[in-house]
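Colleague: Chain by chain, the residues run as shown.
Number of protein chains: 2
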Amino acid sequence: MECQDYSLTRTVERDSLNLNPLQRGGFLPVEARKALFEFSDGYSVCDYCAGRLDEIKKPSVTNFLDDLAQFLKVDTVRTVHGAREGKFAVMHAMCKPGDTIVVDGNAHYTTHLAAERNGLNMAEVPTSGHPHYRVNPEGYREVVDQLQDNGEEPSLLVLTHVDGNYGNLSDSSIVGKIAAEKGIPLLLNCAYSMGRLPIDAKKLKADFLVGSGHKSMAASGPIGVLGVKEEWAEQVLKRSPRHEVKELEMLGCTSRGAPLATLMASLPHVIERTKKWDDEVQKTRKFVTEMEKIGEIKQIGVRPKEHDLVRFETPLFHQIAETHPRRGFFLYEELKKRNIVGIKRGQTQWFKCSIYGFTPQQADYIILSFQEIGQKYGD
Amino acid sequence: MECQDYSLTRTVERDSLNLNPLQRGGFLPVEARKALFEFSDGYSVCDYCAGRLDEIKKPSVTNFLDDLAQFLKVDTVRTVHGAREGKFAVMHAMCKPGDTIVVDGNAHYTTHLAAERNGLNMAEVPTSGHPHYRVNPEGYREVVDQLQDNGEEPSLLVLTHVDGNYGNLSDSSIVGKIAAEKGIPLLLNCAYSMGRLPIDAKKLKADFLVGSGHKSMAASGPIGVLGVKEEWAEQVLKRSPRHEVKELEMLGCTSRGAPLATLMASLPHVIERTKKWDDEVQKTRKFVTEMEKIGEIKQIGVRPKEHDLVRFETPLFHQIAETHPRRGFFLYEELKKRNIVGIKRGQTQWFKCSIYGFTPQQADYIILSFQEIGQKYGD
Numbered sequence: 001m002e003c004q005d006y007s008l009t010r011t012v013e014r015d016s017l018n019l020n021p022l023q024r025g026g027f028l029p030v031e032a033r034k035a036l037f038e039f040s041d042g043y044s045v046c047d048y049c050a051g052r053l054d055e056i057k058k059p060s061v062t063n064f065l066d067d068l069a070q071f072l073k074v075d076t077v078r079t080v081h082g083a084r085e086g087k088f089a090v091m092h093a094m095c096k097p098g099d100t101i102v103v104d105g106n107a108h109y110t111t112h113l114a115a116e117r118n119g120l121n122m123a124e125v126p127t128s129g130h131p132h133y134r135v136n137p138e139g140y141r142e143v144v145d146q147l148q149d150n151g152e153e154p155s156l157l158v159l160t161h162v163d164g165n166y167g168n169l170s171d172s173s174i175v176g177k178i179a180a181e182k183g184i185p186l187l188l189n190c191a192y193s194m195g196r197l198p199i200d201a202k203k204l205k206a207d208f209l210v211g212s213g214h215k216s217m218a219a220s221g222p223i224g225v226l227g228v229k230e231e232w233a234e235q236v237l238k239r240s241p242r243h244e245v246k247e248l249e250m251l252g253c254t255s256r257g258a259p260l261a262t263l264m265a266s267l268p269h270v271i272e273r274t275k276k277w278d279d280e281v282q283k284t285r286k287f288v289t290e291m292e293k294i295g296e297i298k299q300i301g302v303r304p305k306e307h308d309l310v311r312f313e314t315p316l317f318h319q320i321a322e323t324h325p326r327r328g329f330f331l332y333e334e335l336k337k338r339n340i341v342g343i344k345r346g347q348t349q350w351f352k353c354s355i356y357g358f359t360p361q362q363a364d365y366i367i368l369s370f371q372e373i374g375q376k377y378g379d
Numbered sequence: 001m002e003c004q005d006y007s008l009t010r011t012v013e014r015d016s017l018n019l020n021p022l023q024r025g026g027f028l029p030v031e032a033r034k035a036l037f038e039f040s041d042g043y044s045v046c047d048y049c050a051g052r053l054d055e056i057k058k059p060s061v062t063n064f065l066d067d068l069a070q071f072l073k074v075d076t077v078r079t080v081h082g083a084r085e086g087k088f089a090v091m092h093a094m095c096k097p098g099d100t101i102v103v104d105g106n107a108h109y110t111t112h113l114a115a116e117r118n119g120l121n122m123a124e125v126p127t128s129g130h131p132h133y134r135v136n137p138e139g140y141r142e143v144v145d146q147l148q149d150n151g152e153e154p155s156l157l158v159l160t161h162v163d164g165n166y167g168n169l170s171d172s173s174i175v176g177k178i179a180a181e182k183g184i185p186l187l188l189n190c191a192y193s194m195g196r197l198p199i200d201a202k203k204l205k206a207d208f209l210v211g212s213g214h215k216s217m218a219a220s221g222p223i224g225v226l227g228v229k230e231e232w233a234e235q236v237l238k239r240s241p242r243h244e245v246k247e248l249e250m251l252g253c254t255s256r257g258a259p260l261a262t263l264m265a266s267l268p269h270v271i272e273r274t275k276k277w278d279d280e281v282q283k284t285r286k287f288v289t290e291m292e293k294i295g296e297i298k299q300i301g302v303r304p305k306e307h308d309l310v311r312f313e314t315p316l317f318h319q320i321a322e323t324h325p326r327r328g329f330f331l332y333e334e335l336k337k338r339n340i341v342g343i344k345r346g347q348t349q350w351f352k353c354s355i356y357g358f359t360p361q362q363a364d365y366i367i368l369s370f371q372e373i374g375q376k377y378g379d
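Heads up: the sequence lines are chains A and B, in that order.
Residue numbers for the first sequence, in my numbering: 1 to 379.
Residue numbers for the second sequence, in my numbering: 1 to 379.
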């Protein structure tokens with residue numbers, strides 16, 4: 001048989017400034033590129049495995065997990081395939097089908113899927129809605145109280161630390177305090193925070209953390225991190241009755257390959273960059289200020305920004321699209337001409353973007369480009 | 001904090017002839033190395049995703065999955081994180097906790113873990129034991145009959161196509177026929193076969209196939225393949241009630257990253273190499289013949305070999321180890337001196353190995369090396 005073409009190049013995407021918030025935290029530093037080269041082949045991280053991925057000495061997964069646990073101030077860590085797989089594993093170990101869990105109104109769709117796949121019901125802490133979409137941490141108490149009044153004991157609280165729609169940063173410590181009072185463990189979804197901003201599981205009062213290597217920890221996908229408080233380690237990392245060194249929820253081993261090597265290689269880089277988080281927030285706030293000078297562009301979500309992911313409503317661009325010969329594609333195409341990518345093709349009414357990791361010069365260039373496009377067609 | 005050293009190089013392992021059967025099928029061809037370079041960064045396969053990994057057009061995951069389905073003669077395929085995750089997903093969708101499934105005595109430990117994690121009981125079709133460890137396909141009928149006599153209706157049959165201990169190739173078509181007669185679906189674990197030898201789901205009469213990219217399909221780990229017969233597609237690929245395009249058992253998307261790019265890039269190479277499977281079997285048989293001339297080395301498992309994974313009992317090397325100053329390490333060290341790796345350090349009583357993919361000259365050199373080591377210390 002003859003194979004079709006798979007378009008396995010991405011020169012434009014690699015060479016341009018990419019504003020996709022999903023991608024800004026996943027660019028590999030040179031150390032990770034080297035590790036990828038070393039561990040490209042199939043099962044190569046398993047050269048010296050004696051049965052447990054987390055105990056491999058060469059490459060030293062053991063040392064890495066020790067460092068990672070220390071970095072996150074969490075008792076035990078494992079690598080998983082991604083944040084969603086980490087959430088699924090925690091729910092699978094901590095809940096039984098028919099249980100109810102509490103999630104926030106900004107939860108990522110994979111939180112819903114992990115719960116649905118586990119046969120769980122979800123009670124939702126609503127957001128404040130347009131335009132801030134703020135999650136009130138005290139809402140968790142209300143929802144738990146309501147459930148308990150109805151005779152239901154939720155088995156897990158799940159909080160989105162930073163959500164992927166508005167980039168709102170939730171106050172985990174308050175939810176964690178409520179969780180502790182109620183005696184219900186808290187799972188914190190750090191897919192957009194772990195690897196970008198400092199994470200301290202103790203201060204955040206989380207029983208479980210999940211993070212995403214490809215989203216925010218400068219690693220090749222798919223890989224994630226699961227952090228577990230000592231209290232729950234035995235339950236979540238339960239061993240197989242038949243193969244006693246193997247952990248059930250990990251199906252023995254998880255990320256047996258190249259993404260793990262990149263996550264390991266990137267850790268020193270990631271630790272350093274989280275120290276500069278305040279600069280990133282300042283850069284983002286300046287970006288918002290400048291963008292809001294264009295037409296009626298408006299930042300949606302909590303103000304001022306506490307995270308690099310920004311959602312803008314852009315009625316000006318939407319107006320231009322109505323009469324532009326290229327219709328909704330004009331914005332994507334104008335940006336592409338300027339070597340800027342990452343805004344979805346055809347999207348003009350609103351978009352999400354991030355300038356995380358760009359130099360101030362690159363950020364200025366991006367602002368200038370949006371200004372130019374606004375001026376070119378605007379009034 | 002200061003990070004420890006993670007030993008993220010593997011020069012010796014990359015530059016040597018690697019006999020580890022786990023790794024022989026996972027070496028990347030140059031096309032896959034290029035794809036890895038293009039798609040190194042985090043979420044880069046998702047540049048143009050509109051919500052479904054399997055429907056991405058650039059890179060063309062759609063075209064790739066079409067080709068892969070055609071190659072495997074299966075109705076529907078998805079990528080998963082590995083064979084074990086594929087088995088877990090099928091069991092999770094097809095069985096309920098407390099169900100019994102039937103597995104063979106050569107099943108990989110991950111088959112057991114996938115079943116245990118799903119709360120399933122396992123009834124086992126035993127092997128013939130030492131020295132051939134053959135699985136009699138008719139044994140499935142006996143075990144199902146016994147269960148049914150006891151009023152139990154197994155919900156799934158799982159067969160290991162080629163096992164990882166002896167490299168025995170099972171006759172799936174007979175088990176598939178029994179499965180069809182009994183009205184119980186058959187899941188075939190092709191981790192050691194898909195990508196090495198031609199797979200035809202129709203001829204093999206399998207309802208589900210799982211394969212391993214890193215083990216046998218020339219891909220970076222972790223990635224696997226799940227093949228599903230039309231009849232079960234709706235059940236196994238059920239959509240989320242809340243997010244209607246997302247497939248529950250896939251948690252929306254599976255391998256969102258670099259390993260997928262390598263699996264795609266390697267497919268033409270993999271298709272070509274499966275055409276030369278008979279040559280690989282002949283090469284393995286010659287290897288066994290030559291190895292058995294050394295001391296009392298004996299191939300364990302079904303004879304003659306029908307797969308490249310070979311298990312040898314090597315009493316000669318074990319005898320040498322008893323008096324050698326380096327004890328059990330001598331064999332590993334003697335091989336390493338000759339740029340041969342992949343036999344576990346300290347192992348001399350028996351070992352597993354494979355010369356899959358080596359040129360005849362490399363195979364001769366490996367045989368010569370074992371002969372030399374035997375002669376150097378042997379009588």
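Mixed in with the good hints, there may be bad ones.
You can't tell identical chains apart in this list, so a pair holds if it fits in one copy or across any two.
Here are the simulated lysine to any residue pairs, SDA-like style, with alpha carbons at most 20 Å apart [claimed, not checked]:
1. Lys96 / Ser240
2. Lys73 / Ala180
3. Lys246 / Gly119
4. Lys283 / Pro304
5. Lys96 / Ala363
6. Lys96 / Trp350
7. Lys344 / Arg14
Simulated from the structure, these hints should not be mistaken for laboratory data.
Colleague: Now tell me if each hint is right for this structure.
Modeller: A quick look at each hint next to the structure:
1. Lys96 / Ser240: For Lys96 and Ser240, both the intra-copy (18 Å) and inter-copy (19 Å) Cα distances are at most 20 Å.
2. Lys73 / Ala180: So Lys73 and Ala180 pass the 20 Å test inside one copy only (18 Å; across, 53 Å).
3. Lys246 / Gly119: For Lys246 and Gly119, the Cα distance is within 20 Å only across copies (16 Å; inside one copy 25 Å).
4. Lys283 / Pro304: within (12 Å within a copy, 68 Å between copies)
5. Lys96 / Ala363: Classified as neither: same-chain Cα gap 48 Å, cross-chain 53 Å, threshold 20 Å.
6. Lys96 / Trp350: neither (40 Å within a copy, 44 Å between copies)
7. Lys344 / Arg14: within (16 Å within a copy, 40 Å between copies)
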